[in-house]
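The lines below spell out each chain.
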Amino acid sequence: MTLLAIDNLTKVFGGVRAVDGVSFSLEAGELLAMIGPNGAGKSTCFNMVNGQLAPDSGRIVLAGVDIGGLPPHDIWRRGVGRTFQVAATFSSMKAIENVQMALISRQSRIGRLWKPAARYAREEAQALLRRVGMAEQAERPCGVLAYGDVKRVELAIALAGAPKLLLMDEPTAGMAPGERNALMALTREIAHDSGVGVLFTEHSMDVVFGYADRIIVLARGRLIAQGDPRGVRNDPRVREVYFDARHRVIGASE
Amino acid sequence: MSFSGLTVQLLNGLADASALFLLAAGLSLIFGVTRIVNFAHGSLYMLGAYVAWSLTERLSSVAGFWISMLLAALAVGALGATIELVLLRRMYRAPDLSQLLATFALTLIARDAALYLWGPEDLLGPRAPGLSGSVVILGRLFPQYNLLLIAIGPVVLIALRTLLAQTRWGVLVRAATQDREMVGALGVNQSILFTTVFALGAFLAGLGGALQLPREPASAGIDIAAIGDAFVVVVVGGMGSMPGAFIAALLICEIKALCIALGDWTTPFGLTIAFPHFTLVAEFAVMAVVLVLRPWGLLGRQQETARASAASTAPFTPAGSLTKWGAAIALAAVALLPFLVGGDSYILVLSIDICVGILFAASLHFIMGPGGMHSFGHAAYFGLGAYASALALRRADIPMELALALSPLGGALGALAFGWFCVRLSGVYLSMLTLAFGQIVWSIVYQWDAITGGSNGLIGIWPSARLASKSAYFHLTLALSVAGALLLRRILFSPFGYALRATRDSPLRSGAIGIDVRRIQWAAFIIAGTVCGLAGGLFAFSKGSISPETISVGRSVDGLVMVLLGGVETLSGPIVGAASYIVLQDVISRHMQYWRAALGMFMLLLVMAFPGGIVGALRHRFTRT
Amino acid sequence: MKAKLFRLAVAAGLVAVACAAQAQTPIRIGEINSYKTQAAFLDPYRRGMELAVDEVNAAGGVAGRKIEIVTRDDSANPGDAVRMAEELVSAEKVDMIAGGFLSNVGLALADFAKQRKVVYLASEPLTDKIVWQDGNRYTFRLRPSTYMQSAMLAPDAIKLNKRRWAFVYPNYEYGQSAVATFKALLKAGQPDVEFVGDQATPLGRIDAGAVAQALGDARPDAIFNALFAADLSKFVREGSTRGLFNNASVVSLLTGEPEYLDPLRDEAPVGWLVTGYPWYAIDTPQHKAFLAAYQKKYSDYPRVGSVVGYSTIKAISAAVEKAGGADTEKLVAAFTGLEFGSPFGKVMFRPQDHQSTMGAYVGRTVVKDGKGIMVDFSYKDGAGFQPSDAEVKALRPAD
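Heads up: the sequence lines are chains E, F and H, in that order.
Residue numbers are given in my numbering: position 94 of the first sequence equals residue 94, and the series is strictly consecutive.
Residue numbers are given in my numbering: position 109 of the second sequence equals residue 109, and the series is strictly consecutive.
Residue numbers are given in my numbering: position 370 of the third sequence equals residue 370, and the series is strictly consecutive.
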């Protein structure tokens, strides 16, 4: 079943076509990697899918509904979870409170004014933290956690919304290699077990080729290739973009 | 009005705009680089005028006059550098806005210093030699000095642009304006950059003050007007944008000139509009409109989000049972106060003021601390609450208890209307929009004689007979203040309160977990406005009268000072801050002639010793040991 | 027997001491003013008060008791003023309160006086309301009101026989009611008068160039001005540079007061019809005595503030003397219709509205020896510049 269908998506910033007529689709339970050099339009694409930016033209259809141009909180409610390139958590709250907030929001109880928030959905939050391996640090404020740990908390937050689609912008950046593989293995497990579609960008080619079911390649705002990892690896256009003198060699740098 | 008259009025506006630009340019520069909301900029301007006056008295030759102007500006520039080196340098790492508290303390000291050094009388300076007369323009006499001013604005603008565009220093200033942390990363000596920027900004303020001397006497009141105008211009133009500031100054001054030129105008329906009355609030009305339409000012760019501020904030911890019992016992002791000090004691009067102050500060803290929205116009809700009660009692003859119950409604309605606009902005722009709304409310109340009693206000707002005694009213105020403060505290621990903090910590993450950031912030405004309105109502009945002063900037600033003094990042900060500020002011003002300077000094000491506020410092000490 | 005698003696001694203490308890006057924000007026005011206190006490006090003032700064804020009043009454145990510069502070204190049943002598606030619409039995006012001062200028203004009048005034109650009163009296005395322009300027922040030009463009024959302090200086300088005063006569409130005229130095306006205080040329014996005493004590000349401060204490002393003490009800009775001597001569507190009949000097401005002074002036006794008793009665609520 097609979970997300992007059709002819375009965003222009001051005359520069950051995303230029991009179309692709994502199945439920699939891990789709979006790769491309810096400035290829990956983050812009993500920001349109999650509502941070409104597309100039094109459609973003999630489970049959066009969500293009809706605000982020609305898109989240339709089942899109997200992690950010620079992890975004609530630094003045404990790890568990971060997850509780997402759960409270899912229960539409954000507007409650009386019962202390700490008493809402504690077990479920603890379970999510356990799933990402952060149960021991549940009571520590996010502001003092190591960056890799913050990223794992962020994943727990994103999962707390019970998303149909998970957008992960460089999920493993700043992590040690061992941590990386553990996180991606977990992500794959989540996708395959619960049928969550995962769209992720990643600079580490090991991660991309090791975990993605399928890969799409962006360069200067356009989609230049897509297919399974083997096909993409051998695609001459991709090789050209990646080994072109004007671009740095991303896979090799990591 | 004739065409020639209008043309000359526009020339008047041009001269005023130049003067205003000089004042604002320095502030914009300082804010852009250091992110300091420099309240003392108006004081530097005032000192520029005073120093220039003293110098022109001694150097009365033609050259002496112009040398005096320059020397005055240099002196103020040097003072600015000193302030940066001695005071502000120690505070860049301190939490948000504690520099604001420090510069506010400086304004108090500067004012009393001016009074001490130059005496209370207005000091009218000499006319500019060689430019003392007038020229004929379109059949009207036009002051020669204004022609000079018209030229100076653009000259300074071009000089600043050149400095910023073509020197290494300028490149660093621009880099710092766009991204403060980048400069640190570039390995630039940040402290030299900050000191020089502060000195240049102060120099421009001093020059602005000195050059006003031929048009305006030096007096101890010009600082307040100057700082308000300067902020408006900087924000309307867009923070850090010199051409923006120039255009903003032009816009504001021309609109004022136009209002004055139009005079009273009778519509075809017989209604007379007195345009000159709009000059009272023209700049704030312009600011409100500009910010609603362009959230970053005319030529401003979106600010980077403050990265450092939230990181230092610790999670809230619910009070342990020991704290709860301690607070309950303390409260019971306070409730027994009338029996200890006597029912007619002044201590009760002061305690009522403290209770009102606590409620006011707690409501401001609610949106300022956990909400991260620094309201500079919080007095609006206080005043609306006070006036709602007063009008209900005096104009509608509603019983006092019911009238008091209407005060939260007054505050809430104000916050409902203004909050909707304010939450669309962030950072200093949001602060300035709150200030603009505060000033607009103030000006309406100040002008609307028939309803609000105008500048005189309303009198005869006393509690009903059963609440008339001091101890009864004290108990009422205590009960409502404690209830209000506890309610706000309860809300901060509720899902809503967490969501509010979430919007402050990371709007990005908030949106991505389904929190409608603006809606939460708007609701927070309304809650704060409601509680603040109650504080206003309690205030009105404790004084028996109210005047537009309840809505003034001064009261908003008092609120800020209370919150910052106590510590913006702690829940009990506003309580401690309000109580200590009110007691401090009361005691000092009763026992000292130069009490404002003394209060300023004291605040400086506090802010240096406890950068995170009193409660913040105490907590820090206890958690460390 | 001896012991009994001794005890008796001790008891008698105690009684005597107690009586003496009673006789020596000073009359305490709580005085509240905006000393910091209105220093130009209130520094001389404080000096005037202190001079009067010295004089009264040197003469043995009043009703056998010394007088004592306790001053407080209200930071130009009615709320603070009321708090200070509470403090003075309950902690300092003052017998009555006085002071107030700003009208809103004055009104707040007046209402406080009414609520707490304390006598309040409003020395300075000018608003008409404090004795009329918002008047009460505990409040008395010393200075000539906005109405009175405007009325003092009206007869001479009518004599100018100018048709086209323009108005400039600070945009708050004082300016508004001064202009309203003046317009009404002018229209009554000269029905063909025409009002060609109104400029209400923000207090302390006049845009003088634009205002001067707008007034000039209205081509008035005469201008009525109620600006004062820095606004006045700016307006005068811009107006004269732009030739505004060449073709128009100016009638101006308060401009002859040294507080506002002296800062202008040699640029003081010439030929304006003003109210004020020509301290250098008043040759009544009362004023000469006051002037000599003031100059001796301070080596400075008095301002209007000095006269008001001095007269405040003199009025209170006279009232206490008449009441034979400081009992509130007796003080109210004493103040009502009280006559006392001020540097301006005999002054009486009108029974019908508690306004004193203290007047002001009306004259013309000239520049002499590099500073502005008033000439051709005469003293206008406040008694003569009041609306009819019926009008006052209609305005003032019954006690």
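The reader is advised that the hints may include incorrect statements.
[As the list claims (entries may be wrong)] Okay, the calculated bits of chain H under chain F, using three or more residues with CB under 8 angstroms as the criterion:
{"#": "1", "stretch": "45 to 55"}
{"#": "2", "stretch": "160 to 173"}
{"#": "3", "stretch": "178 to 192"}
{"#": "4", "stretch": "261 to 275"}
{"#": "5", "stretch": "286 to 296"}
{"#": "6", "stretch": "337 to 345"}
[To be verified] With a cut-off of at most 20 angstroms between alpha-carbon atoms, the simulated SDA-like pairs for lysine to any residue come out as follows:
{"#": "7", "chain 1": "H", "residue 1": "K93", "chain 2": "F", "residue 2": "Q190"}
{"#": "8", "chain 1": "H", "residue 1": "K322", "chain 2": "H", "residue 2": "K297"}
{"#": "9", "chain 1": "H", "residue 1": "K93", "chain 2": "F", "residue 2": "S471"}
No lab work stands behind these hints, which were simulated from the structure alone.
Keep in mind it's a predicted model, so treat the numbers as computed, not measured.
Beta carbons: idealized from backbone N, C-alpha and C, even for Gly.
Checked hints:
Only residues whose beta carbon comes within less than 8 angstroms of a beta carbon in chain F count, and the stretch 45 to 55 of chain H has 0; fewer than three means the coverage is violated. By the rule of at least three residues with a Cβ nearer than 8 angstroms to a Cβ of chain F, the coverage given for the stretch 160 to 173 of chain H holds, with 3 such residues. Three residues within the 8 angstroms Cβ limit are the bar, and the stretch 178 to 192 of chain H against chain F gives 0, so the coverage statement is violated. Counting residues of the stretch 261 to 275 of chain H whose CB lies closer than 8 angstroms to any CB of chain F gives 5, which reaches the minimum of 3, so the coverage claim holds.
Counting residues of the stretch 286 to 296 of chain H whose beta carbon lies closer than 8 angstroms to any beta carbon of chain F gives 0, which falls short of the minimum of three for the stated coverage. Chain F is given as covering the stretch 337 to 345 of chain H, and this is violated because 0 residues of the stretch bring a CB closer than 8 angstroms to a CB of that chain, at least three being needed. Restraint check for K93 (chain H) and Q190 (chain F): not satisfied, since their Cα atoms lie roughly 58 angstroms apart, outside the 20 angstroms limit. A hinted pair counts as satisfied when its Cα atoms are at most 20 angstroms apart, and K322 (chain H) with K297 (chain H) does not qualify at roughly 28 angstroms.
In summary, the hint linking K93 (chain H) to S471 (chain F) is supported, as the alpha carbons are separated by about 18 angstroms, within the 20 angstroms threshold.
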